[in-house]
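> Read off the chains here:
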Amino acid sequence: MTLLDWIVLIGFLVFVTVYGVWKTRGTKDINGFIRAGRSTPWYTIALSIMATQASAITFLSTPGQAYVDGMRFVQFYIGLPIAMIILSITAVPIFHRLNIFTAYEYLEKRFDLKNRILGSILFLTQRGLAAGFTIFAPALILSVILGWNIDLTVIITGTLVVIYTATGGSRAVNQTHIQQMIIITVGMFTAFIMIFFLLPKDVSPLDAAFIAGKLGRLNAIDFSFNLNDRYTFWSGIIGGTFLMLSYFGTDQSQVQRYLAGSSIGQSRLGLLTNGLVKVPMQFFILFVGAMIFVFYQFVIPPIFFNPNSLTSVKQSSYADQFEGIKHQFEEIQIEKKVKLNEMLLSMNDGASVKTDQLVEQIKDKQKQADILRSKAAALITKVDPGADSNDTNYIFISYIINYLPAGIIGLILAAIFSASMSSTSAELNALASTTVIDIYKRLIRKDASEKHYLMISKVATILWGVYAITFALFANRLGSLIEAVNILGSLVYGTILGIFLVAFYLKKVKGTATFISAIIAEIVVLYCYLFTTIPFLWYNVIGCLLLVIIALVLNPVLDRKTRLNSI
Amino acid sequence: MNNNQPDKDIFQDDEKPPFLKTWNNIYILVFITLVILIIFFYIFTKVFE
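Chains as they are written, first to last, in the numbering used here: chain D, 1 to 567; chain X, 1 to 49.
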């Protein structure tokens, strides 16, 4: 990194922090701190919703996913617009009319205290662990690629977020999200445009798309129904809709964004704008990854993108074996490049038969290269069984650091940090809100002054920030727990969504039946996770539907029992 | 147990959307956009396959 990159990166981070603090320094009550005074316009809500969902891992991992597996990951988001419509019809008007501060507050208004506490605890557990991971994951990747000190990266990122989130609360989170989304968008477009400057001059953007498509990287949609396939149209439209309903309808870090809307209409427009923009945005990020794949057809890529893993295997007893695989891989890449150039020439000459033959040969070379990459990954896990055999998170950042000019590297790193900080700030804000409103104000101290609750909200933000930073500092030593944290969301989202769906639509079902059904549904989801191979997207469907069905069956039984007891 | 249940009219909103006259029209717009995107993805996949 050059001095110019450091100036761009540090300049932006300092600007966002100072702007967040300065712009929201007048926050004087809990309504301002948690709901931004209910004065947020639709465009800020839309940007804030997108910034909350887009973590640094989204930008580091998604292009890498397209590089390795093609664009089919876009199907994961197909259910999102449907979820936005459903939430605009149901959750938005209910939450606004009840004048609530957290999603779980509604559960007490509709059911009883135990459902509210269950919802809050499920959220605090899942989101509390995830907040640490949101800071840790990008710090790990950047430390591996840039050689930065991981602890220092975690502490600096976490502290900057805590400073403006504890000062201005939701208002600061929303305001900084605007700047962060702007830099993220500019960063991704710059990375995209740069690819076409770096490709050989005779390769047009259409040629690049043709190459990516022929090598299986533009597979945006797959209508086959396969329960074991994680990303298909069906898992996206069914599982994805349930997941997005859960995330946007019951996760306080998202609910808080549209609770801040100045009216029902503004909140709806914010959600629906997200529904319109999110799928094309993910498509674009994946397309960037597919184009990076094409770029690496003309420049020999590393056989494995995580440099730490490469160093480990080169220092092990498998070094010779690894070098052999690497040599074969590089030879195949060179042969493939020759064939690609021949194919482009024959395409320009209009020789379609020859082009088809060359396409088949190139596909064959790609298969061989993929097999060799798998062999290299297998060796890496042989050397260190705890090592991650998946290098998708390192592909995009390797391209940025090694091939982009000074200044632009700083800009894209600022975008990655923005994504990390935007998710973390929303998480800390939501964790503090739920702790204060659903636990402290409801169970510990009911009748304190506005000033007291504002002070406690700020303290809670700082404490959750310290907790997240501490978790991130120790995450390196927690090994497989990280994977568990990642999956935890899908384990609890279905149950939480089920509770809310019963609350919204099944007017006759009461609190106790819902509560017992939630416990049973959660046990079944945990069973599916531990003892079956069902992909995680389906856990949301299973947990939610099971809860609704059990609640419908259990409610009349409990009603009858209550009536008999009263006689 | 609290009886603060959502009534049917709680889903309604008096505020008009800024365009297309009703919220239902806006929902249809979002849904149609999704259908168009899915068709685009299908054509995109097939063309470059």
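Do not take every clue at face value.
List time: in silico SDA-like cross-link candidates among lysine to any residue, alpha-carbon distance up to 25 Å [what the hints assert, rightly or not]:
#1 K278/D <-> T45/X
#2 K46/X <-> F284/D
#3 K46/X <-> M347/D
#4 K446/D <-> F474/D
#5 K46/X <-> K114/D
#6 K114/D <-> Q368/D
#7 K382/D <-> K446/D
#8 K354/D <-> K16/X
#9 K367/D <-> L20/X
#10 K451/D <-> V18/D
#11 K46/X <-> L206/D
#12 K114/D <-> L20/X
#13 K339/D <-> K382/D
#14 K16/X <-> S39/D
#15 K46/X <-> K446/D
Read the hints as simulated data drawn from the structure, not as lab findings.
> The structure should be examined with respect to each hint, and the outcome stated for every one.
Verification of the supplied hints:
1. Restraint check for K278/D and T45/X: the C-alpha separation of about 19 Å stays at or below 25 Å, so the hint holds.
2. Our distance criterion of 25 Å between C-alpha atoms is met by K46/X and F284/D, whose separation comes to about 18 Å.
3. For the hint pairing K46/X with M347/D, the CA-to-CA distance comes to about 19 Å; that is within 25 Å, so the pair holds.
4. Note on K446/D and F474/D: the hinted pairing is violated, with a Cα-Cα distance of about 36 Å set against a maximum of 25 Å.
5. Between K46/X and K114/D the alpha-carbon distance is near 52 Å, which puts this suggested pair outside the 25 Å criterion.
6. Annotation: proposed proximity of K114/D to Q368/D is violated, straight-line Cα distance about 57 Å (limit 25 Å).
7. Between K382/D and K446/D the CA atoms are separated by roughly 57 Å; this puts the pair beyond 25 Å, and the hint is violated.
8. Among the hinted pairs, K354/D with K16/X is inconsistent with the structure: their alpha-carbon atoms are about 60 Å apart, more than 25 Å.
9. Straight-line distance between C-alpha atoms of K367/D and L20/X comes to about 51 Å, which puts the hinted pair past the 25 Å bound.
10. Our distance criterion of 25 Å between C-alpha atoms is met by K451/D and V18/D, whose separation comes to about 24 Å.
11. At most 25 Å may separate the alpha-carbon atoms for a hinted pair to count; K46/X and L206/D meet this at roughly 15 Å.
12. Proposed proximity of K114/D and L20/X is contradicted: the alpha carbons are some 43 Å apart, above 25 Å.
13. Straight-line distance between C-alpha atoms of K339/D and K382/D comes to about 34 Å, which puts the hinted pair past the 25 Å bound.
14. For the hint pairing K16/X with S39/D, the CA-to-CA distance comes to about 18 Å; that is within 25 Å, so the pair holds.
15. Under the criterion of a C-alpha separation no larger than 25 Å, the hint pairing K46/X with K446/D is inconsistent with the structure, at around 61 Å.
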